[in-house]
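A.B. asks: Below, each chain spelled out in residue letters.
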Amino acid sequence: MKLKRGLLVALPLGFLAVFYLYPVASILLTGLVEDGSLNLTPFGDVLTSASLRSIAWFTIWQAVASTALTVLAAMPIAYVFARFEFPGKRVLSALLTIPFVMPTVVVGSAFLALLGSQSPVGINLTRTIWIIFAAHVFFNLSVVVRTVGGLWSHLDPRLEEAARTLGATHWQAFRTVTLPMLRPALVAASSIVFLFAFTSFGVILILGGLTYTTLEVEIYRQTVVFGNFGLAAALAVLQLVGVTLILWVYSRYQRDREVGLSLLPSASVARRPASLRQRLVVAGTIGYLGLLVAVPLVVLIVRSFDTGNALGFYRALFETGTGSTAFVSPAEAIGNSLWIAGVATFIALVVGMSAAAVVAYSSGRAARSFDLFLMLPLGTSAVTIGFGMLIALDWPIDLRANVLLIPLAHALVAIPFVVRLSVPVMRSVQPRLREAAAVLGASPARIWREIDLPIAARALAVSAGFAFAISLGEFGATSFIARPDTPTLPIAIFRLLGRPGALNFGRAMAMSTILMAVTATVVLLVDRFRVRDVGEF
Amino acid sequence: MIATRSAHGIRARTGALALGLALAATACSSEGPETLTVLTHDSFAISQSTLDAFTEETGIEVALLDGGDAGLMLAQAILTKDNPIADVIFGVDNTFLSRAVEEQITIPYAATALEDLHPFTRLDDTNRFTPIDYGDVCLQYDKEIIETDFDIVDTRKLFYDPGVGGGLVVEDPSTSSPGLAFLLATIAAFPDGWQDYWTVLRQEGVLVVPGWEEAYYGEFSGASDGDRPIVVSYASSPVAEVVFATEPIEEPATAIVEESCFRQVEFAGILDGTDSRDTAEQFIDFMLSARFQEDIPLNMYVFPALRSAALPQVFVEHAVIAESPLSLDPAVIAANRDRWIEEWTEIVLR
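So the protein lines, in turn, are chains A and B. Going left to right, the first sequence walks through residues 1 to 537 as this note's numbering numbers them. Going left to right, the second sequence walks through residues 1 to 350 as this note's numbering numbers them.
Keep in mind that the hints were calculated from the coordinates and are not lab data. These numbers come from a predicted model, not from an experiment. Backbone N, C-alpha and C fix where the C-beta goes; we use that ideal spot for every residue, glycine too. Each hint should be verified, as a subset may be incorrect.
[Unchecked claim] Under 10 Å between C-beta atoms, here's a sample of chain B residues computed to sit facing chain A:
no.	residue
1	A53
2	F120
3	L123
4	D125
5	P173
6	V332
7	A335
[Claimed, not checked] Here are some chain B residues the structure puts well away from chain A; computed CB gaps all over 10 Å:
no.	residue
8	T112
9	R156
10	K157
11	G165
12	T175
13	Q203
14	P210
15	Y234
16	E250
17	D275
18	E281
19	V320
All chains, please: the whole structure from these sequences, using the hints.
C.D. replies: Shown next, in the form of structure tokens:
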């Protein structure tokens with residue numbers, strides 16, 4: 001047991017040490033060491049600069065606000081998905097993941113078309129904080145819906161009904177019965193959304209109209225534009241300290257608030273909407289979801305067909321510019337995206353599940369620190385990680401220009417997801433179940449297989465879906481490392497968008513539509529791939 | 001999952017094994033025919049058949065490494081100069097040239113065809129960087145709107161009169177290479193008055209976006225649903241408009257303001273520390289061969305540095321090459337670049 005446990009700890013620790021800690025430490029030292037001695041003056045510059053202080057403050061408050069808004073926007077959807085059965089539910093739930101993977105530059109153009117100066121509904125949010133919030137909600141909605149909705153769909157509704165029978169209002173029953181049970185999933189989802197908003201880059205740059213700056217954007221500017229590695233390093237340290245502090249406070253707040261749950265198969269929880277009121281709630285939620293998520297995506301799809309010949313842009317994807325090194329056929333882009341995402345998902349699941357097992361089945365300060373450490377890659381600037389990899393990973397194997405660095409870098413973003421989504425589910429297994437099985441003579445392996453696995457499988461499916469999506473969407477440091485010629489769907493979109501000409505823009509929209517289709521298909525398949533639903537043993 | 005004898009342990013081991021095998025496989029693949037790695041920016045493109053011709057001639061395979069935009073690519077090259085990630089770098093332009101030369105990331109090489117290049121491209125007398133192509137960043141306008149709605153006949157006004165700022169969308173010089181080129185154009189044209197020029201542009205409502213994509217496909221009326229009839233783009237954009245039209249067109253609906261053009265020259269260099277120096281020199285010479293040079297326009301929409309290189313017909317018909325483009329000494333750019341960007345940011349964005 002000891003040895004196995006050691007392995008479980010060593011795998012994630014080793015992975016993060018090599019692909020996260022070592023690169024980040026290398027780049028920070030490069031920035032802060034001058035002529036062999038540590039130069040701490042950039043920290044002075046950071047702490048005394050009023051504009052940098054305001055950037056830090058903006059980074060934090062917009063992330064908190066974005067997280068709160070995302071959770072608020074997602075809860076009604078999560079509720080309806082958990083409690084009601086209706087046609088097309090699985091497909092809708094998969095479609096919900098699409099925004100998550102879409103390149104910001106593509107969605108940004110749809111947002112500006114809808115909420116910019118040419119807005120068809122007359123709402124001009126250009127260069128306001130609201131368009132940033134709207135985009136953060138749009139991109140991250142699925143994280144909350146799928147995580148919280150996933151748990152909610154297994155909660156016994158009779159508990160809430162009992163509270164209602166005892167005279168509680170809907171709201172009281174929700175607040176005192178359901179909410180505490182949902183808390184682990186809520187905490188997991190909101191901390192991930194917070195980290196995404198905290199390190200927001202593309203949304204801020206493209207939709208913020210350059211008047212808003214986050215630490216992430218400033219680190220990029222200092223590194224890439226001004227070559228000021230010292231200041232960039234100081235900012236990166238500040239960002240890390242901030243993330244660590246916030247996560248620590250959050251985890252202290254969360255500690256000991258977990259409750260053992262009795263979970264039911266989701267099929268026995270969800271019902272068809274019976275009354276007119278329930279039907280209206282379901283229909284209203286789907287409509288609201290359409291406004292929030294589908295409209296910007298539909299704009300892009302419409303543009304991909306917006307030519308004299310309805311399939312013209314799609315045909316052009318195969319026919320135009322085929323002789324060029326910059327040409328990417330849709331098949332090649334899909335192939336590259338899929339295998340890279342497959343490898344990234346595999347790494348993230350193996351590393352993430354080992355880490356989650358360690359965190360879920362241990363307690364004490366060491367486990368909590370380990371848990372917190374696992375989240376840090378999500379809260380570290382992508383430039384810092386990317387440039388760190390570039391200077392650190394040249395020995396013993398030169399990985400810097402190796403195509404495998406791409407899925408490895410994607411996995412780094414996906415691991416915190418896997419851990420966050422799995423730990424609450426693993427903890428929700430009531431120890432009594434395991435004890436009972438042991439008393440009845442089941443071997444540890446059998447207990448794991450019969451009790452833990454079916455429950456973990458649910459987390460596995462949800463986190464595999466997200467790991468895949470993270471890689472399909474080219475999250476993290478891969479924008480900043482030099483890439484060998486293996487163009488994925490987002491890279492193909494960028495290449496097309498980088499050139500003038502109506503045909504190039506149309507092809508970029510067609511490629512974006514293909515990215516949506518691939519994402520939805522993969523998530524649907526992953527959703528179907530479940531060992532057994534919880535409670536069916 | 002708990003730590004017992006379980007499928008999990010097996011899966012972890014096969015995972016490690018698969019990863020190890022994959023690493024070993026890629027490590028081995030570098031053997032076989034000699035491979036030259038070329039670090040480029042993400043706008044690089046050339047015909048595959050051109051690269052194949054080089055391989056046939058020399059037996060050397062060319063592997064491309066995409067370093068992102070020009071600024072990011074240079075930052076990567078500087079960071080890795082102790083142990084370069086490639087043998088050749090392509091795409092450093094004159095706005096970054098001095099910084100790249102100062103950092104000594106490349107070694108000098110006098111290409112055979114050096115004397116046959118346009119003299120204005122030869123900006124590096126240390127020969128650490130060899131000119132490959134050039135192109136102009138210019139104001140581009142939507143002909144119909146400018147002529148009818150704005151009622152402007154003399155389009156020089158679009159550059160010289162900042163009063164038209166309400167119709168202009170530009171890129172942030174700190175995040176965009178054409179954005180920086182246009183800032184430099186205004187500094188070259190109005191050395192003492194560029195700050196005032198931008199102050200007026202701001203008052204008139206100039207729109208600033210982070211990159212060319214957002215400007216061109218997001219705001220420019222000539223290429224999107226946007227309402228800005230003037231954009232900072234490339235002199236070759238109207239040509240691309242014809243080549244990449246959805247329905248064949250005779251004339252582009254947009255044109256450029258020649259007086260606003262700032263010339264960008266792109267260079268290639270041999271990265272210091274490469275163990276394929278001879279091969280790299282061969283490739284630099286190949287980039288200056290007629291075959292490669294004449295293949296440049298329709299792939300990258302810039303112009304060949306080689307004087308004798310013939311232009312494709314569509315370029316002859318629609319391309320405008322500014323006769324006396326604006327320019328600044330690369331050393332002056334390097335010395336002032338950061339300060340100018342900061343000043344510009346204060347004037348236009350704060």
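A.B. asks: Run every hint past the structure and note whether it holds.
C.D. replies: Taking the hints in turn, this is what the structure says about them:
A hinted interface residue such as A53/B counts as satisfied when its beta carbon comes closer than 10 Å to some beta carbon of chain A; here the least separation is about 12 Å, so the hint is violated. Checking F120/B against chain A by beta carbon gives a least distance of about 24 Å; that is not within 10 Å, so the hint is violated. With a cut of 10 Å, the hint placing L123/B at the interface with chain A is violated, because the nearest CB-to-CB distance is about 20 Å. Below 10 Å, beta-carbon pairs count as interface contacts, and D125/B has none with chain A, the closest being about 24 Å; its hint is therefore violated.
Evaluation of the P173/B hint against chain A yields a held restraint, the C-beta minimum of about 9 Å falling below 10 Å. A hinted interface residue such as V332/B counts as satisfied when its beta carbon comes closer than 10 Å to some beta carbon of chain A; here the least separation is about 18 Å, so the hint is violated. The beta carbon of A335/B comes no nearer than 14 Å to any beta carbon in chain A, farther than 10 Å, and the hint placing it at the interface is violated. The non-interface label for T112/B is consistent with chain A: the shortest C-beta to C-beta separation is roughly 24 Å, beyond 10 Å.
Residue-level check passed: R156/B sits 23 Å from the nearest beta carbon of chain A, beyond 10 Å. A cut-off of 10 Å between C-beta atoms confirms that K157/B is not in contact with chain A; the least separation is 24 Å. Distance check on G165/B: its Cβ is at least 16 Å (rounded) from any Cβ of chain A, clearing the 10 Å threshold; non-interface status holds. Look at T175/B: its CB is around 7 Å from the nearest CB on chain A, not clear of 10 Å, so calling it non-interface is violated.
With a closest Cβ-Cβ approach of about 16 Å to chain A, Q203/B is found to remain outside the 10 Å limit, as its non-interface label requires. Some Cβ of chain A comes within 10 Å of the Cβ of P210/B; the nearest lies about 5 Å off, and the non-interface call is violated. Chain A draws Y234/B into its interface by the beta-carbon criterion, the shortest separation being 7 Å against a cut-off of 10 Å. For E250/B, the shortest C-beta to C-beta distance to chain A comes to about 15 Å, beyond the 10 Å cut-off, and the non-interface label holds.
Remark: the non-interface label on D275/B is consistent with the geometry, its nearest Cβ contact in chain A lying 12 Å away (cut-off 10 Å). Here E281/B stays apart from chain A, with its beta-carbon at least about 21 Å from theirs, past the 10 Å limit. Distance check on V320/B: its Cβ is at least 14 Å (rounded) from any Cβ of chain A, clearing the 10 Å threshold; non-interface status holds.
The structure is inconsistent with the numbered hints 1, 2, 3, 4, 6, 7, 12, 14, 15, although it conforms to all the rest.
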